[in-house]
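Read off the chains here:
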Amino acid sequence: MKVIIVGSGSRGSALARALADKDHEVTVVEIDHSRLSTLPPARVQSGDIRTITGDGTRAAVLEDAGIDTADILFCLTGRDSVNGLITQKARVLYKTRSVVAGVKDPRMKQVLESHGIVAVDGAAAMTERLLSSIPSGRQEPEAAAMGPAEESGAL
Amino acid sequence: MYVVIMGAGTVGGPLASSLVAAGHEVFVVDRDPARAADLQARLGSVASEGDGTSFEVLTEAGAGRAALFIAVTGSDADNLVGCEMAKGLFNVPRTIAVAHSPENTVVFERSGIDVVVSSADLVLSHIAGALPAHPLLRLMPVLGRSQVVVGLKIPAGGSVVSQPVGDLSLPYGARLILIISSEGRTEVPGGDTILEAEDEIIALVPSESAEALWETLSELR
Chain A
94 MKVIIVGSGS RGSALARALA DKDHEVTVVE IDHSRLSTLP PARVQSGDIR
144 TITGDGTRAA VLEDAGIDTA DILFCLTGRD SVNGLITQKA RVLYKTRSVV
194 AGVKDPRMKQ VLESHGIVAV DGAAAMTERL LSSIPSGRQE PEAAAMGPAE
244 ESGAL
Chain B
271 MYVVIMGAGT VGGPLASSLV AAGHEVFVVD RDPARAADLQ ARLGSVASEG
321 DGTSFEVLTE AGAGRAALFI AVTGSDADNL VGCEMAKGLF NVPRTIAVAH
371 SPENTVVFER SGIDVVVSSA DLVLSHIAGA LPAHPLLRLM PVLGRSQVVV
421 GLKIPAGGSV VSQPVGDLSL PYGARLILII SSEGRTEVPG GDTILEAEDE
471 IIALVPSESA EALWETLSEL R
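One line per chain: the protein sequences are A and B, in this order. First residue of the first sequence? That's 94 in our numbering, and the numbers climb one at a time after it. First residue of the second sequence? That's 271 in our numbering, and the numbers climb one at a time after it.
Bear in mind the hints are in silico, worked out from the structure with no lab data behind them. A couple of the hints might just be wrong.
[Said to hold, decoys possible] Okay, the calculated beta carbon distance ranges per label pair:
#1 Glu478/B to His126/A: 37 to 43 Å
#2 Ser288/B to Gly159/A: 42 to 48 Å
#3 Ala311/B to Lys197/A: 27 to 33 Å
#4 Pro199/A to Gly443/B: 43 to 49 Å
#5 Ser207/A to Arg335/B: 19 to 25 Å
#6 Ser103/A to Leu313/B: 38 to 44 Å
#7 Tyr272/B to Thr162/A: 44 to 50 Å
#8 Glu478/B to Thr131/A: 41 to 47 Å
#9 Ile397/B to Ala153/A: 21 to 27 Å
#10 Gly140/A to His370/B: 22 to 28 Å
#11 Gly159/A to Asp462/B: 54 to 60 Å
#12 Pro284/B to Lys197/A: 31 to 37 Å
#13 His370/B to Thr162/A: 26 to 32 Å
#14 Gly332/B to Thr162/A: 43 to 49 Å
[Unchecked claim] From the structure, some residues in chain A lie toward chain B, with a derived Cβ separation under 7 Å:
#15 Lys95
#16 His126
#17 Ala152
#18 Gln181
#19 Val185
#20 Ser207
All residues carry an ideal CB built from backbone N, CA and C; glycine is no exception.
Kindly produce the complete structure, drawing on both the sequences and the hints.
Written as C-alpha cells, this is what we have:
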C-alpha cells in the first residue's frame, strides 16, 4: 500500500520502519529536516522510505508526498490540532481513503472521530494496533480495515 | 451574550474590546503568555493564558454557556480544531473562525464551522479595490462558494457602453443585481437598462464564470 506519514517523531519513525519492513511504499513528511535522522538511514538510502522536508499542512507538500494516490495517511506530529487539520484536509480535498490522526487529548480524539477521522493515542498501543490492521505491501489495499471513510457520514 | 474568543492577537484583542464595549460578556484565551497578559492589563480578568483546543481550558473559559465561539489565532489548525471542540463537546450554537490559508477555507466549511472568514481573500479584495485599473472584486462567496457576488466597473470606451442589459451576452447563470452610476444613482437593472461608462456593477455569478463576466463587461471597443 501507499502510505504517507506526517511527522517523524518517535511514533512516526517507528511506524515508518515497521511499514517499510512489511514492504509498503512509505513517504515521510517532516517540517524539521534534522528530525528525519530518526529514520533508519539504510531504508532511506535504498528508497524504501521516501522523505520530504516540508510543512504537511500545505496542500503542495501533501501533493509532493503523493496524497492523490495514497491509501492511508497518518498524521503524527507533536500537535494534536495540526494532526486534526491535515487529516480533515486529506479527507475533504483528496478523498483519501483512510486517515489516522495521533492525538494525546482523549476529548479531542472523540471530536475528531465524530468528523470521520480515526484518532489514536499512546505510541506503543498505536503502532501495534495499526500494524495489526494493515496487510503486507503485496496485498490489495481493500483488505485493510482502517477508517471506513465514507460510511461514517460525519462530514 | 457570552462570547469565548480564542486568540488575543491583532484581531482577538480589538474584537474583545469592542464586544465588551457593546455590553457583551467576553472571555479570551491565548497560548502565548505575553499576549494573554497584555490583554489582561487592558481588559482585566476576561483574558487568560491557555490553549483553546484543550478541553480543560475551554471548560474553565465557560464554553458550556457560550452563545458564540470565535477562533482568531494565527494557526489554522488551532482555529479549526478549537471550533470543533467548542461545538462538539460544549454545544456552542455558533462558531466563527479565520482561515489564513485559502486552501483551508473549504475544509473549515465542511467541518461545520458556521462562519469562515478567509483572511487572504479579504486582503486581496481590498488591495484589488485600491488598484487604479478596474479589477474584478470578489465581494462575497455564496451558496457554498458555488456562486460569488462580484463588483466591477464599466470602463470608459468599453464595448458594452450605451448597450441595453438585455442585449449583453453574459456567461450562463450571471445576474446583474445593481448598477451604481458615477454620480451615485442606484438602479436595479432590467433588460432595457442602458449601461454607461464608469457604472459600477454588482453581480451574482457562478464562481467559475466570474472572470468571463469581467471580460465581457470590461472589454474595450
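So, going through the hints one by one against the coordinates:
About 39 Å separates the C-beta atoms of Glu478/B and His126/A, a value consistent with the hinted range of 37 to 43 Å. Roughly 46 Å separates the CB atoms of Ser288/B and Gly159/A, a value that falls within the hinted 42 to 48 Å. A C-beta distance of roughly 32 Å is found between Ala311/B and Lys197/A, which places it inside the suggested range of 27 to 33 Å. Remark: the range hint 43 to 49 Å for Pro199/A to Gly443/B is upheld by a beta-carbon distance near 48 Å.
Checked against the hint of 19 to 25 Å, the pair Ser207/A and Arg335/B passes, with Cβ atoms roughly 21 Å apart. Roughly 41 Å separates the CB atoms of Ser103/A and Leu313/B, a value that falls within the hinted 38 to 44 Å. Taking the beta carbon of each, Tyr272/B and Thr162/A are about 47 Å apart, inside 44 to 50 Å as hinted. Taking 41 to 47 Å as the suggested C-beta distance range, the pair Glu478/B and Thr131/A conforms, at roughly 45 Å.
Separated by about 23 Å at the C-beta atoms, Ile397/B and Ala153/A satisfy the suggested range of 21 to 27 Å. Here the CB-CB span from Gly140/A to His370/B is close to 35 Å, at odds with the stated 22 to 28 Å. Taken as a hint, the range 54 to 60 Å holds for the pair Gly159/A and Asp462/B, whose Cβ atoms sit roughly 56 Å apart. Distance hint for Pro284/B and Lys197/A: a CB-CB separation of about 33 Å, consistent with the stated range 31 to 37 Å.
Judged by the Cβ atoms, the range 26 to 32 Å given for His370/B and Thr162/A holds: they are separated by roughly 28 Å. A beta carbon spacing of about 46 Å between Gly332/B and Thr162/A agrees with the range 43 to 49 Å that was offered as a hint. The interface hint given for Lys95/A is broken, as the beta carbon of that residue sits about 22 Å from the closest beta carbon of chain B, more than 7 Å. Hint on His126/A is violated. Least Cβ distance to chain B is approximately 21 Å, over the 7 Å limit.
Because the beta carbon of Ala152/A sits about 5 Å from the nearest beta carbon in chain B, less than 7 Å, this interface hint is met. Taking 7 Å as the C-beta contact cut-off toward chain B, the hint placing Gln181/A at the interface holds, the least distance being around 5 Å. With 7 Å as the threshold, the beta carbon of Val185/A comes within range of chain B, its nearest partner Cβ sitting at about 5 Å, so the hint holds. For Ser207/A, the shortest C-beta to C-beta distance to chain B is roughly 6 Å, which falls under 7 Å, so the interface hint holds.
The earlier numbered hints that this structure contradicts are 10, 15, 16.
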